[in-house]
Amino acid sequence: MNAIFKRKSIRKFLDKEIEDEKIERLLKAGMQAPSAINSQPWEFLVVKDKDRIEKIENMSQYSKPAKTSTCCIITLFNEDYLSQFENYKWVQQDMGACTQNILLQAVEEGLGAVWLGTYPDEERVSYLKEHFNIPENVFPYSVIVLGYPTEDYTGTDRFDKDRIHYESY
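Residue 1 is where the sequence shown starts when you use UniProt numbering, and the numbers rise one by one after that.
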(Lines of atoms letter the chains of each structure in order from A and count residues from 1; the text may use other names and numbers.)
(Lines give C-alpha, C1' and ligand atoms only; values in the text may rest on other atoms or scores of the structure.)
Protein backbone atom coordinates (compact mmCIF):
# COMPACT_ATOMS: atom_id res chain seq x y z
CA MET A 1 0.00 0.00 0.00
CA ASN A 2 3.00 2.31 0.13
CA ALA A 3 2.63 3.19 -3.55
CA ILE A 4 -0.91 4.44 -2.92
CA PHE A 5 0.22 6.84 -0.23
CA LYS A 6 3.45 7.89 -1.93
CA ARG A 7 1.93 8.57 -5.36
CA LYS A 8 1.52 12.15 -6.48
CA SER A 9 1.45 13.93 -9.81
CA ILE A 10 4.98 14.61 -11.01
CA ARG A 11 5.43 17.18 -13.77
CA LYS A 12 9.23 17.58 -14.12
CA PHE A 13 11.57 14.82 -15.19
CA LEU A 14 15.25 14.11 -15.69
CA ASP A 15 16.57 13.60 -19.21
CA LYS A 16 16.96 9.86 -18.67
CA GLU A 17 15.42 7.08 -20.74
CA ILE A 18 13.08 4.63 -19.05
CA GLU A 19 14.22 1.05 -19.46
CA ASP A 20 12.03 -1.17 -21.66
CA GLU A 21 11.65 -3.67 -18.81
CA LYS A 22 10.10 -0.98 -16.62
CA ILE A 23 7.73 0.07 -19.40
CA GLU A 24 6.66 -3.55 -19.82
CA ARG A 25 5.96 -3.84 -16.08
CA LEU A 26 3.87 -0.65 -16.26
CA LEU A 27 1.81 -2.14 -19.08
CA LYS A 28 1.42 -5.44 -17.23
CA ALA A 29 0.18 -3.52 -14.19
CA GLY A 30 -2.37 -1.73 -16.36
CA MET A 31 -3.58 -5.04 -17.75
CA GLN A 32 -4.08 -6.41 -14.22
CA ALA A 33 -6.84 -3.87 -13.54
CA PRO A 34 -10.34 -5.09 -12.79
CA SER A 35 -12.90 -4.61 -15.54
CA ALA A 36 -16.65 -5.07 -15.84
CA ILE A 37 -17.55 -8.55 -17.09
CA ASN A 38 -13.80 -9.12 -17.46
CA SER A 39 -13.93 -7.09 -20.68
CA GLN A 40 -10.32 -5.89 -20.42
CA PRO A 41 -11.00 -3.03 -22.87
CA TRP A 42 -7.48 -1.58 -22.90
CA GLU A 43 -4.89 -1.13 -25.58
CA PHE A 44 -1.77 1.00 -25.27
CA LEU A 45 0.32 3.28 -27.44
CA VAL A 46 3.83 3.76 -26.07
CA VAL A 47 5.48 7.01 -27.20
CA LYS A 48 9.24 7.47 -26.73
CA ASP A 49 10.19 9.58 -29.75
CA LYS A 50 10.83 13.20 -28.67
CA ASP A 51 9.05 14.67 -31.72
CA ARG A 52 5.96 12.62 -30.95
CA ILE A 53 6.14 13.49 -27.25
CA GLU A 54 6.16 17.13 -28.34
CA LYS A 55 2.80 16.49 -30.02
CA ILE A 56 1.45 15.39 -26.63
CA GLU A 57 2.94 18.49 -25.02
CA ASN A 58 0.97 20.63 -27.47
CA MET A 59 -2.35 18.81 -26.93
CA SER A 60 -3.65 21.35 -24.39
CA GLN A 61 -2.52 23.94 -21.87
CA TYR A 62 -2.46 21.17 -19.24
CA SER A 63 -0.16 18.80 -21.13
CA LYS A 64 3.05 20.80 -20.71
CA PRO A 65 4.58 18.22 -18.31
CA ALA A 66 5.23 16.06 -21.38
CA LYS A 67 8.00 18.52 -22.35
CA THR A 68 10.60 16.83 -20.12
CA SER A 69 9.16 13.31 -20.32
CA THR A 70 11.05 10.48 -22.00
CA CYS A 71 8.00 8.22 -22.35
CA CYS A 72 4.25 8.62 -22.52
CA ILE A 73 1.65 5.88 -22.54
CA ILE A 74 -1.64 6.60 -24.26
CA THR A 75 -4.33 4.26 -22.96
CA LEU A 76 -6.89 3.33 -25.59
CA PHE A 77 -10.16 1.46 -25.94
CA ASN A 78 -11.65 -0.03 -29.09
CA GLU A 79 -15.40 0.38 -29.61
CA ASP A 80 -15.54 -2.50 -32.10
CA TYR A 81 -14.00 -4.84 -29.52
CA LEU A 82 -16.43 -3.63 -26.86
CA SER A 83 -19.46 -4.22 -29.08
CA GLN A 84 -19.24 -7.96 -28.29
CA PHE A 85 -20.35 -7.24 -24.71
CA GLU A 86 -24.09 -6.68 -24.46
CA ASN A 87 -25.05 -3.46 -22.65
CA TYR A 88 -21.44 -2.69 -21.77
CA LYS A 89 -21.22 0.85 -20.39
CA TRP A 90 -18.31 0.75 -17.97
CA VAL A 91 -15.38 1.77 -20.14
CA GLN A 92 -14.60 4.90 -18.13
CA GLN A 93 -14.41 2.96 -14.87
CA ASP A 94 -12.36 0.16 -16.40
CA MET A 95 -9.92 2.50 -18.11
CA GLY A 96 -9.63 4.58 -14.94
CA ALA A 97 -8.62 1.48 -12.98
CA CYS A 98 -6.10 0.59 -15.69
CA THR A 99 -4.61 4.09 -15.64
CA GLN A 100 -4.39 4.11 -11.84
CA ASN A 101 -2.59 0.74 -11.85
CA ILE A 102 0.04 2.18 -14.19
CA LEU A 103 0.46 5.25 -11.98
CA LEU A 104 0.95 3.06 -8.91
CA GLN A 105 3.43 0.80 -10.68
CA ALA A 106 5.37 3.91 -11.73
CA VAL A 107 5.93 4.64 -8.03
CA GLU A 108 7.19 1.07 -7.53
CA GLU A 109 9.61 1.55 -10.43
CA GLY A 110 11.04 4.78 -9.00
CA LEU A 111 9.36 6.84 -11.71
CA GLY A 112 7.21 9.93 -11.60
CA ALA A 113 4.01 10.25 -13.58
CA VAL A 114 1.08 12.51 -14.23
CA TRP A 115 -2.31 11.57 -15.69
CA LEU A 116 -3.48 13.81 -18.53
CA GLY A 117 -7.21 13.56 -19.00
CA THR A 118 -8.28 12.88 -22.56
CA TYR A 119 -11.61 11.07 -22.93
CA PRO A 120 -14.37 12.30 -23.23
CA ASP A 121 -12.91 15.71 -24.23
CA GLU A 122 -13.66 15.72 -27.97
CA GLU A 123 -10.92 18.21 -28.81
CA ARG A 124 -8.19 16.18 -27.08
CA VAL A 125 -9.50 12.89 -28.46
CA SER A 126 -9.50 14.29 -32.02
CA TYR A 127 -6.05 15.80 -31.57
CA LEU A 128 -4.50 12.50 -30.46
CA LYS A 129 -6.33 10.52 -33.15
CA GLU A 130 -4.97 12.84 -35.81
CA HIS A 131 -1.37 13.04 -34.59
CA PHE A 132 -0.97 9.35 -33.73
CA ASN A 133 -2.97 7.75 -36.57
CA ILE A 134 -5.49 6.24 -34.18
CA PRO A 135 -8.33 4.51 -36.06
CA GLU A 136 -11.86 5.89 -36.00
CA ASN A 137 -13.18 3.12 -33.73
CA VAL A 138 -10.34 3.47 -31.18
CA PHE A 139 -10.42 6.18 -28.52
CA PRO A 140 -7.60 7.58 -26.38
CA TYR A 141 -8.73 7.55 -22.76
CA SER A 142 -5.72 9.02 -20.96
CA VAL A 143 -2.12 10.00 -21.47
CA ILE A 144 0.30 8.96 -18.74
CA VAL A 145 3.39 11.17 -18.82
CA LEU A 146 6.38 9.36 -17.32
CA GLY A 147 9.96 9.93 -16.36
CA TYR A 148 12.51 9.90 -13.61
CA PRO A 149 11.52 12.71 -11.22
CA THR A 150 13.87 15.65 -10.72
CA GLU A 151 13.53 15.31 -6.94
CA ASP A 152 12.35 12.84 -4.33
CA TYR A 153 8.68 13.04 -3.53
CA THR A 154 6.13 11.77 -1.08
CA GLY A 155 2.39 11.88 -1.38
CA THR A 156 0.07 14.17 0.50
CA ASP A 157 -2.21 12.84 3.24
CA ARG A 158 -5.70 13.44 1.87
CA PHE A 159 -7.71 11.60 4.50
CA ASP A 160 -10.74 13.66 5.54
CA LYS A 161 -13.15 12.19 8.11
CA ASP A 162 -15.81 14.72 7.12
CA ARG A 163 -16.24 12.91 3.80
CA ILE A 164 -17.14 9.59 5.39
CA HIS A 165 -20.75 8.60 6.05
CA TYR A 166 -22.01 5.40 7.66
CA GLU A 167 -25.29 3.63 6.97
CA SER A 168 -26.92 6.75 5.48
CA TYR A 169 -25.82 10.15 4.26
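Fair warning: there could be bad hints in the mix.
As the list claims (entries may be wrong) - With a straight-line cut-off of 30 Å between C-alpha atoms, the simulated DSBU-like cross-links for lysine-lysine are:
1. 89 x 12
2. 28 x 89
3. 89 x 16
4. 50 x 89
5. 28 x 48
6. 161 x 28
Treat the hints as calculated values from the structure; they're not laboratory data.
Where does the structure disagree with the numbered hints, that is, which hint numbers, in rising order?
1, 3, 4 and 6
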